[in-house]
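So the sequences go chain by chain: A and B.
Residue numbering for the first sequence follows our numbering, beginning at 1 and increasing consecutively.
Residue numbering for the second sequence follows our numbering, beginning at 551 and increasing consecutively.
Think of the hints as simulated: they come from the structure by calculation, not from any bench.
Among the clues, some could well be false.
Reference listing, derived: stretches of chain A covered by chain B, where coverage requires no fewer than 3 residues with Cβ under 8 Å from a Cβ of chain B [what the hints assert, rightly or not]:
id, stretch
1, 333-339
2, 450-461
3, 490-497
The list that follows gives simulated cross-link-like pairs (lysine-lysine, DSS-like), each with its CA atoms no further than 27 Å apart [stated by the list, open to error]:
id, chain 1, residue 1, chain 2, residue 2
4, B, Lys554, B, Lys676
5, A, Lys235, B, Lys705
6, A, Lys307, A, Lys350
7, B, Lys705, A, Lys224
8, A, Lys224, A, Lys249
9, B, Lys676, A, Lys476
10, A, Lys249, A, Lys350
11, A, Lys224, A, Lys235
12, A, Lys475, B, Lys695
For clarity, every value in this text was computed on a predicted model and none was experimentally measured.
Each residue gets a CB set at the ideal place from its N, CA and C atoms; glycine is no exception.
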Amino acid sequence: MPKIPPPAELLRGLRLAPPDGRLPDWMDAKPDFVPGSYAYPAREDTLRGLGFPNAHAWNPAEEDWGLPPDWEDIIHRGLKERLEKYRSLRLFMDICVRCGACADKCHFFLGSGDPKNMPVLRAELLRSVYRRDFTTAGRLLGRVAGARRLDPSIIKEWFYYFYQCTECRRCSLFCPHGIDTAEITMAVRELLLELGLGLNWIMEPAGNCQRTGNHLGIPPHAFKEIVTFLCGDIKEITGLRINPPINEKGHEILFITPSGDIFADPGIYTFMGYLMLFHELGLDYTLSTYASEGGNFGSFASNALMKKLNAKMYAEAERLGVKWILGGECGHMWRVAHQYMDTMNGPAPKNLETPRSPATGTLFKHAASAKMVHIAEFTADLIQHDHLNLDSSRNDHLTVTFHDSCNPARAMGLLEEPRQVLRRVCNNFVEMPEDTIRERTFCCGSGSGLNTDEIMEARMRGGLPRGHALRYVQKKYGVNAMTCICALDRASLPPLADYWAPGVTVTGLHELVGNALIMKGEKKRLTDLRQEDLPVVDAEEEPVKENDHV
Amino acid sequence: MSIKNLLTEYRERIIAEWLTEVERGYPLSSSGYLRATSHPFLNPAGLRHREAVEAMLDYLRNETAREDLTCALEELMRVRAVQDSTPEAGFALIYALKHILHRICGPELEEQAKNAGLEEFLRLEKTLDGLMLLALDAYVRCRDKVAELRVEELKRRHSQIFRLAGLSG
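Taking the hints into account, I'd like the entire structure generated from these sequences.
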């Protein structure tokens, strides 16, 4: 009888585990580049168009990645330059004591069990090279001091694991030394790009953005046509015709949102919510086809590309002569706008002023320098002043929970504002367990340019902790909607919810605002913004109370 | 001793050995991956493994409903179906339970068969085979789901572009 392996042996079918049971040192264990384990590489012409060096065609599954002949020098020089430029990076290389506090905080580790997804070990992939090349102990003692000599397999390892980090910074929250692994990831991704190695999912949207203003490369006339479609939908639902100004000079506010809100489901419902809110307020604003992208995939690639793509915001604000910028619901857009824009592309153009809400008179002092306000802050202020006429029962068919997107939560501290809005626009709001929300929120698993479908399994693994908490509130409280204030989340959470908690839909915050908003002159609402029937529609028109309008 | 009593007596040992066996499938440096914490939200993979093995043992002891067992197996298979593993590694979990049962309860099972015949033992084996099929069912549905996610994502991502091109229904 032929020998069939027993279950104990078959269990080793996890590709991570060595089939023969031998357990090599982490430095010797190398990833297996099988389809599905890596995202497609950036195309040669895309990289060239963006001005990156050493653009070439290559395939991660092949042995030879076509590295330039002087690749070792490029990495050494690149790392040296960054260590000198970013004091934080040098510090992060030196001060880790490998206490392990971060080890089980990464959603990719919790989902995969792969030790190199522990932030400490992921960082060690670079740190080991740093030790060998930049510290005396590492040079003299080598492996004993945790140092190793650079070789092509390390470049492959970097590509594999630093594109399994979503730069969400949950680990940094728990690090006693404050090491920000996202900065290490950013540095390594820059180094890889110097060798012509990048992800198509990141570089193509960035290239499109550079050429036409948005990730999908939609030209201005098509952009306008799609906005018109969505206004047609609003007319269908509310009976009101909205004509948002596009590229018009002389308005008070420039509104910039991620293009996913305009082109993709379910972001479009959030976009409709914005337009309805602006119409109701009589806001003096314009959209722009030049700055038609709030998102910044450059921030997932390199500092220089991030700066270049972000520059459109101030340039367009200056050209159109607006007084301030209002930004839509987005995550990494806000990491860039909130933490980098001011110093990177500032000071803001002279025509910009400290944002002031024309509806309530509130001066947004925190944006005195950057001149840009997040729409969740803007709407929370309206709610705080009881400025909107809202019928929260229109969201009664939803039991809502709120996913704190990593960047607004951890990079901006935008925790209370969306909750304040949610509590006012819907009657059934429950929180997910406390260790999984606010600053400690779990990532969607697809951030920082990883929401491409060829790595769907990896994304689902990374989404396990979030999905698990969602499943819990689904079972316990009957949650059927998860709201977020991030366009990437609106793209990546639907599959996550569909997989880990089937039956939960994903909405933007302003979709729910749009549902609840009672607009002057609107017809009786029979459907929500998705044009699905509202559950209970009273036979009589609900009178709009005059007093509710300020 | 009846099989039900045997499973009750050895419950914790069976669970511990099963988790040890499963954990051997992961690399050494992540040892403790499944058992690092029992916090219900900070180690979801560990929790789902534990809940599944408990549900299987309870089902074998007639102490849990079929729906609860199916649910626990599904939650586990959802994890295994997207981990970087071969399908047999997912199903081997169930067979590993069978082999651990044989190893731990072997002498008592033999004794019991001598005294009361094979009937109860065969029923146990049949149920274990059934568990395997339930796991297979859940695993395959999860893999189908992953394929569906890709298609649905593509449609959502370009919904308004399709509309612009007159391609949306």
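- Item | Structure versus earlier hints, numbers of those that do not hold, lowest first | Hints 1, 9 are the ones this structure does not satisfy, whereas the remaining hints hold.
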